[in-house]
Every structure is written in C-alpha cells, then in structure tokens.
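Novice: The lines below spell out each chain.
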Amino acid sequence: MIASFRAETLKARKRWANWLLFGILLMTLLLFGYVLSYVIFKNPPRNFQSPVPASVLIRRDFPENLLPTVLSSMSTIGAAIMIILGSLSTASEYGWLTVQTILIQKPGRVAVLVGKLLNLGLITLITSVVALGLAALTSYLLVSIDGSSSAWPSVTELLKGFGALWLQLAVWTAFGMFLGIAFRSTAAAIGGGLTYLFVGEALIAGLLRDTPGVKEILKFLPGVNGEAVNASFRLSFRNPNAATQLVDANRGSITLVIYLALFTILALLIFRRRDVTGG
Amino acid sequence: MAQALAVETHGLTKRYSTGVLAVDDLDLRVRTGEVYGFLGPNGAGKTTTLRLLSGLIHPTSGSAIVAGAVPGSPASLARLGAMVETPAFYPYLSGRDNLRVVARYAGVPKSRIEPVLKLVDLTDRAKHKFKTYSTGMKQRLGVAAALLKGPDLLILDEPTSGLDPQGTIEMRALIKELKQGGRTVLLSSHLLNEVELTCDRVGVIAKGKLVAEGTVDELRARSGGRTLRIHAAPLEQAQRLLESLLNPDQVRVLDGSLVLNVDPAQAASINRRLVADGVDVSELRVDEQSLENVFLELTEAPSQPTAASGGGDRSAEVEGNT
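Here the protein sequences come in this chain order: E and H. Counting along the first sequence from 1, when you hit position 17 you're at 222 in the numbering used here, and nothing is skipped either side. Counting along the second sequence from 1, when you hit position 283 you're at 298 in the numbering used here, and nothing is skipped either side.
Please keep in mind that the hints were generated in silico from the structure rather than gathered at the bench. Careful: at least some of the hints might be erroneous.
Okay, derived cross-link-like pairs now, DSSO-like style, lysine-lysine, Cα gap no bigger than 30 angstroms in a straight line [claimed, not checked]:
no. : chain 1 : residue 1 : chain 2 : residue 2
1   : H       : K191      : H       : K224
2   : E       : K424      : E       : K365
3   : E       : K365      : E       : K420
4   : H       : K133      : H       : K153
5   : H       : K194      : H       : K224
6   : E       : K219      : H       : K194
7   : H       : K133      : H       : K144
8   : H       : K133      : H       : K194
9   : E       : K219      : H       : K125
10  : H       : K224      : E       : K219
11  : H       : K142      : E       : K219
12  : H       : K194      : H       : K142
13  : E       : K219      : H       : K144
14  : H       : K146      : H       : K133
15  : H       : K142      : H       : K153
16  : H       : K146      : H       : K222
17  : H       : K133      : E       : K219
18  : H       : K194      : H       : K153
Could you build all of it, start to finish, from the sequences and the hints given here?
Specialist: Below you can see the structure in the form of structure tokens.
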C-alpha cells in the first residue's frame, strides 16, 4: 500500500496535466472569486441592480467572508476540476494499458487502488490548503487596498471550513476516479462526470428545486448536499437572493461522507474483480 | 527424478463474457530453469494464457501455480517479471522515471534501475520521454521493467515484435543471457526460427488447447522428422520399386521428386537398388522437416507457399496476438 502510494505520488508530481488543473483551479478562484468581483463592486456599472448595495457586497472579498466565498467559488469549478483529476488518475491507466504494468508488480489490486486513493486524498488536501491560503492572502490584500477593516474567522470556523472544502473536493475526486474505472475511458469518464455536474446538479437542481417530488430526489444529490454544507458558513451581511437549502448542514455532511465511501467501495469492487484485457 | 515446475496449470479454461472460449482445459508445465517457447496461430489463446498466468485475468475454471503461488497473488508476483502483449508505460515520463515508478510498486530499491538499463542498452536514452521511444526501445524498456525484481520466472510476450534484424539478434542474445543463473523464461513468439534458436522446449497451442509439447527435435520427429528426397528417372518406375521395397505409406511424390519417410541411414542401400533396377538417380539428399511445417500440421493451418520445396522459410510469420 505504501509502495503503491509512493509510486502514485511520483506519477502525479511528474504529470503536467495535474499541474495545469491545479493552476486553472487557483486562477479561477482568485480571478472570479476575488479580483473581478472586487473590481465590479468597487466600480459598479450604472445599471447595477441588487437588493444589496455594491458597497456591502464588496465585503464578500474581505477576510470576514473568507469561508463562504471560497466554498461557493469552489463548489462548481472545484467539483469540475476534481472530477477531471479523478478520471485522469484511473482512466489514463486503461488508455495507456499501464494498468497491466502496475498489476504485474508485487502489490495486490486492493493495495494498488488504496495507494491511488491515498495519493488523491493528499492532492485534495494540498489543494484545499493552498486554495484557502491564497484566498486568505488575496482577501487580506484587497481589504488593505480598500482601506477597510475586517475580522478573520475563528480558528474553529477555519478548521470547519477547511474540512467542508476537503470533503467536497474528495467526493468529486472519488466520483471521477470511480467513473474512470467504470468506463475505462478518459473521454467517457470526464464527459459523463461533467455532464452530471452541469446538467444533473446545476441545471436540474437549479430549475426544479421547488418542484414537489423532484425536490425529494434532489435532497440525495451530492451537489445539493454540498451546497447545504456551504450555506452553513454565513456571509457577514444578509443576502435576500440566497437560495433556501433543501437539507441542513449536518445531513449534508453525512450524505457527502456516504458518497465518498460509496464511490470508493464501488471503485474497489470493480477494480479488484474485473479482467484486465488488451486495448 | 521429476523436475521442479515454474508454471503448472490444470484444466485452465477461460471463456470471455462474449462467449469466446479462448483457453480450453489447458495443462501446461514449464520446468524451472528452461526457456519455454509458446507457439500458436492467431486466436489460439496464447496471450490469454499469459494474461491468466500473470493474474491479469481470472480463469473461468481450472487452476494454475506460477512461481510457486496462485497467479496474481503477491507471492507469485514477487518472483515474476512479465511483459504481456505490448510494453505499456507512462508517455510523459522518461524511461528512467518509468522504471522508478515500477520499482516503487514492486518495492525494489532504485539501485536496481541502472543495472537493468545497462543490460538492455538503454542508459543513453533513459532520460528521454517514453513517448519518443522507437518500438525497439519500448520493447527493451519492457524487458528492463520485467527484470527489475530479479525474477525467477520471466514471461515475455512477443519480445522481438517490431524489432529490426539487429535488435532481434540482440534480444535473442539477451534471452539466452537471462537464462543463466537458473532463471526460467516463458516466451511467445511469432518467429519460428526464434523459438528454434532460443527455446529448450516448445508448446504449441491451437484453439485454446495444447496440441504438442517437447523439444524442437521431438516435434520434428513427431511429424516425420527427417526425410529422404530422391530425384530419379523414370519417376514412376522408381516409385513402384520403392513402394514394393518399403511400406507404400512411406513413399510420396512431391514437386517431381520422391520423398521417403525412412531412416536416412538407408540412403546408400536404396540408391544401390534403384541403380540396379536401371533407374537414374540424379539427386539424393536428407531433408530436415521444418518447424514451420510441423507447426502447420499441428494447428491444421492451410499450407503457405514456401521459399524452398523441402522446407520453407523458417522465419515466416505464422501467428499474431490473441
């Protein structure tokens, strides 16, 4: 297991695509989550309409709102990037047939996949730390530029926020990893994962949120549950446009943990049993 | 005394979910320390067998012991080095980094990497990315990866596939070298002369079943071994005389010559009788039965045109991967 983990870290570190994904994620977070919104709220266009004035909305970019801003920014782009990362980590092994090179070495199949899981867990951990760290630095810079004052969240809140971020990134990574093993094709895994995220979660859950019957089903989706967890980290001002959550944060957290376990177990079951044939 | 076995299968069977029966009740025995050649026509189940032995696929029924343990178990894999079908590596990593990855999976110290790179003559290109490698270099990296563990048993699937003549010669020399020190090598090949040159014993598989097994000479003998070819005139008179002297089944006409399935030591006496009967003998020679002919007979493949009437081009390609 440790041997497999060490091999996985070497592969992940040397893979250019991983660094590209990491860069896109951080750039998107900083650019769209902070810099652009600061510029817009600082100099709102004449036709700017919002129940909350721009002078208040700008405070979402300040340290007091670090957690809700990072979590909401990462909920979609972070999920998409992590689905791609998870899919690449497994589906590529089938595409290149390296899965057979790995399985002919000493570790058993379970050890190989657990090594992969540990490595992906490490990557999501590092991503969460770096994302929060860079967001904190950016919010500090913005509040300093603005000449305003803002309080940091408590350590307890920071730890809870970090845990929520890590859990959500881990769930989507496990989802991508599972799809990669199930489909054995990078294109199918990424295509299927992103279609689910943007059509199944974002579109349907957004449009049919209040439809009776559908609403009950939506309560079981990982994205909807993640959103509920994120909503528990409140902004420092009241936003009347904020959507009402279908489940509470506790149920959301538990559901996400169940999804993480489910994707992992399904991936293990398929990987352990299925024949590895040629391309 | 019975020799220890590096590979032993009992009734090994693989039927894919598509219904294709790729390996059918296969009983294979590879002795420790030998180079065993695995031959079979396209679709015979050869690569499927190697996948079963490497633990990449699960048998439908039957059992196997590979390097002393169940295929695919850590105990078996610890003593097994294998390259099945194509050498598969990470295209974005260099040859050396690919071996580092393999070494980490195998729990082998990285000090093993340079010696195996040197053994396969890849040291100079080890820093370049795998995706830039030629087919021959990829094959050699595959062999290097298989050797990293210092395995007791080496399984090589088509190790000279895609290699140029020089590369083929070097690979054969390497395989012979690998045999030193008691290592067992199980290789499949689409080149019959390669099997003749490198293997101690050969197994021929057709339609998923082992149809013959033995040394190259044993297989030749099984299919008639050496024959006597006589160019004589008049041909009909010579044929009648020889059929009266020998069993008629031992005499046949091929390409205007008589081919006799007899002990070549009888050549002189047969010549004397023909001449005494007024037959002109212009040529009398001993023909070796080629491994290709043996192979085609055993696998019931249609005859291929051959370069020489008495045998054929022994390097003719007769199979592919299954």
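Novice: Each hint needs a verdict: does it hold in this structure or not?
Specialist: Each hint, compared with the structure:
{"no.": "1", "hint": "H:K191 with H:K224", "in the structure": "holds, 28 angstroms"}
{"no.": "2", "hint": "E:K424 with E:K365", "in the structure": "holds, 22 angstroms"}
{"no.": "3", "hint": "E:K365 with E:K420", "in the structure": "holds, 28 angstroms"}
{"no.": "4", "hint": "H:K133 with H:K153", "in the structure": "holds, 15 angstroms"}
{"no.": "5", "hint": "H:K194 with H:K224", "in the structure": "holds, 27 angstroms"}
{"no.": "6", "hint": "E:K219 with H:K194", "in the structure": "violated, 35 angstroms"}
{"no.": "7", "hint": "H:K133 with H:K144", "in the structure": "holds, 17 angstroms"}
{"no.": "8", "hint": "H:K133 with H:K194", "in the structure": "holds, 17 angstroms"}
{"no.": "9", "hint": "E:K219 with H:K125", "in the structure": "holds, 17 angstroms"}
{"no.": "10", "hint": "H:K224 with E:K219", "in the structure": "violated, 44 angstroms"}
{"no.": "11", "hint": "H:K142 with E:K219", "in the structure": "holds, 13 angstroms"}
{"no.": "12", "hint": "H:K194 with H:K142", "in the structure": "holds, 29 angstroms"}
{"no.": "13", "hint": "E:K219 with H:K144", "in the structure": "holds, 11 angstroms"}
{"no.": "14", "hint": "H:K146 with H:K133", "in the structure": "holds, 20 angstroms"}
{"no.": "15", "hint": "H:K142 with H:K153", "in the structure": "holds, 14 angstroms"}
{"no.": "16", "hint": "H:K146 with H:K222", "in the structure": "violated, 35 angstroms"}
{"no.": "17", "hint": "H:K133 with E:K219", "in the structure": "holds, 24 angstroms"}
{"no.": "18", "hint": "H:K194 with H:K153", "in the structure": "holds, 21 angstroms"}
In this structure, the hints that do not hold are numbers 6, 10, 16, in rising order.
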